[in-house]
Amino acid sequence: MKPFDYVILRAAPRIQRGEFINVGAVLYCQALDYLGAGWDVDPDRLRALDPAVDVDVVCAALEQVRAICAGDPAGGPAAATKIGERFRWLAAPRSTVVHPGPIHSGITTDPAAELERLLDSFVR
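Numbering of the sequence shown is given in the UniProt record's numbering, commencing with residue 1 and proceeding in unit increments.
It should be emphasised that the hints constitute simulated quantities derived from the structure, not laboratory data.
Keep in mind that a hint or two might mislead.
EDC-like cross-link-like pairs, simulated, lysine to aspartate or glutamate; straight-line CA separation at most 20 Å [to be verified]: (1) Lys82 / Glu19; (2) Lys82 / Asp33; (3) Lys2 / Asp72; (4) Lys2 / Glu116; (5) Lys2 / Asp33; (6) Lys82 / Asp72.
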């Protein structure tokens, strides 16, 4: 069993209202050199918070997170950093439409399966 850290990604179409829904997760396991992200956006739930939300913008932000995790140049300068730095950058608080919740920890033997479990538990 190896320790890991994760954050749940939240979409807040009107950040000033403090309302959000969980839309994704980022999991980092240093011992297994793993950084991954997954997401699942329900447009109807998102529109319940703001009927005018641009769902494509939310999805694009989540794709950027996935690119950063993968070290894909499409993720911008953050994607070029070391894996631990990428997680810390993604987990840093921000006031954007997609932002991370608090960092939590756990233990796993299979980080990819754990990421799916987190998505099933907190997002889907």
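Task: Hint consistency between Lys2 and Asp72 [alpha-carbon to alpha-carbon, up to 20 Å] - done: Given that 20 Å is the threshold and the Cα spacing comes to 25 Å, the pair is violated.
- [ ] For the pair supplied as a hint, Lys82 and Asp72, confirm whether the alpha-carbon distance does not exceed 20 Å.
- [x] holds, 12 Å
Task: Pair hint Lys2 and Asp33, alpha-carbon separation not exceeding 20 Å - done: Measuring from Cα to Cα gives roughly 11 Å; hence the hint holds.
Open item on the list: So if I understand the rule, the pair passes when the alpha-carbon distance is 20 Å or less; does Lys82 with Glu19 pass?
Closed with: violated, 33 Å
TODO: Take the C-alpha atoms of Lys2 and Glu116, compute the straight-line distance between them, and say whether it is at most 20 Å.
DONE: It holds: about 17 Å lies between the C-alpha atoms, which stays within 20 Å.
Open item on the list: Just to be careful, I want the Cα atoms of Lys82 and Asp33 compared with a cutoff of 20 Å; is the pair within it?
Closed with: With Cα atoms ~10 Å apart, Lys82 and Asp33 stay inside 20 Å; holds.
Checked against the numbered hints listed earlier, the structure breaks hints 1 and 3; every other hint is satisfied.
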